[in-house]
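Q: Please model the complete structure; the sequences and the hints are all you need to start from.
Here the sequence shown stands for residues 42 to 138, where the numbers follow my numbering.
Hint data in this document are derived by calculation from the structure and do not stem from the laboratory.
Among the hints, erroneous ones may be present.
[Claimed, not checked] Here are the simulated DSBU-like cross-link-like pairs (lysine-lysine), alpha carbons at most 30 angstroms apart as the crow flies:
(1) K56 to K126
(2) K106 to K78
(3) K78 to K60
(4) K59 to K85
(5) K61 to K78
(6) K85 to K60
(7) K59 to K106
(8) K106 to K60
Quick caveat, the model's predicted, so the values are computed rather than measured.
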Amino acid sequence: MEHVTLIAITLYGNKENKKKSTDFSLWELAAYEYSHKYNQNFYKNETLIEFLVFGNEILNMEINKANTKLSPYFGAVSLGGIGYKRQVNFGVNGVTF
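A: Here you go:
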């Protein structure tokens, strides 16, 4: 690789009212979806450009996606903890430790 260039563009939106705030959030999510498809070569083959979009709504969406994937494990750990607590409280032959 002979040359690498980074172009960073920071966009700030004036969100005076609820409609503008909602529109800006929708635009941000649409730009993220476009960049995700672009990076998977959906629009153009064999590109050397990686297009990244960051923002508050994107962060919230990704955190919610990750939490959804982890929720079964949280339930299993909670049930395991309850089972362990009952075993410790009742002990062997009903004797409390």
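Q: Taking the hints in turn, state whether each one holds.
A: Do the hints match the structure? See the list:
The suggested pairing of K56 with K126 is violated, with an alpha-carbon distance near 50 angstroms, which exceeds 30 angstroms. With a CA separation close to 18 angstroms, the supplied pair K106 and K78 stays within the 30 angstroms bound. A distance of roughly 27 angstroms separates the Cα atoms of K78 and K60; the hinted pair therefore holds under the 30 angstroms criterion. At roughly 36 angstroms between alpha-carbon atoms, K59 and K85 are farther apart than 30 angstroms, so this suggested pair is violated.
Distance restraint check for K61 and K78: the Cα-Cα separation of roughly 26 angstroms lies within the 30 angstroms cut-off, and the hinted pair is therefore satisfied. Of the pairs offered as hints, the one joining K85 and K60 is violated, with about 34 angstroms between alpha carbons and a cut-off of 30 angstroms exceeded. Restraint check for K59 and K106: satisfied, since their Cα atoms lie roughly 25 angstroms apart, inside the 30 angstroms limit. Taken as a hint, the K106 and K60 pair is honoured in the structure, with Cα atoms around 25 angstroms apart against an allowance of 30 angstroms.
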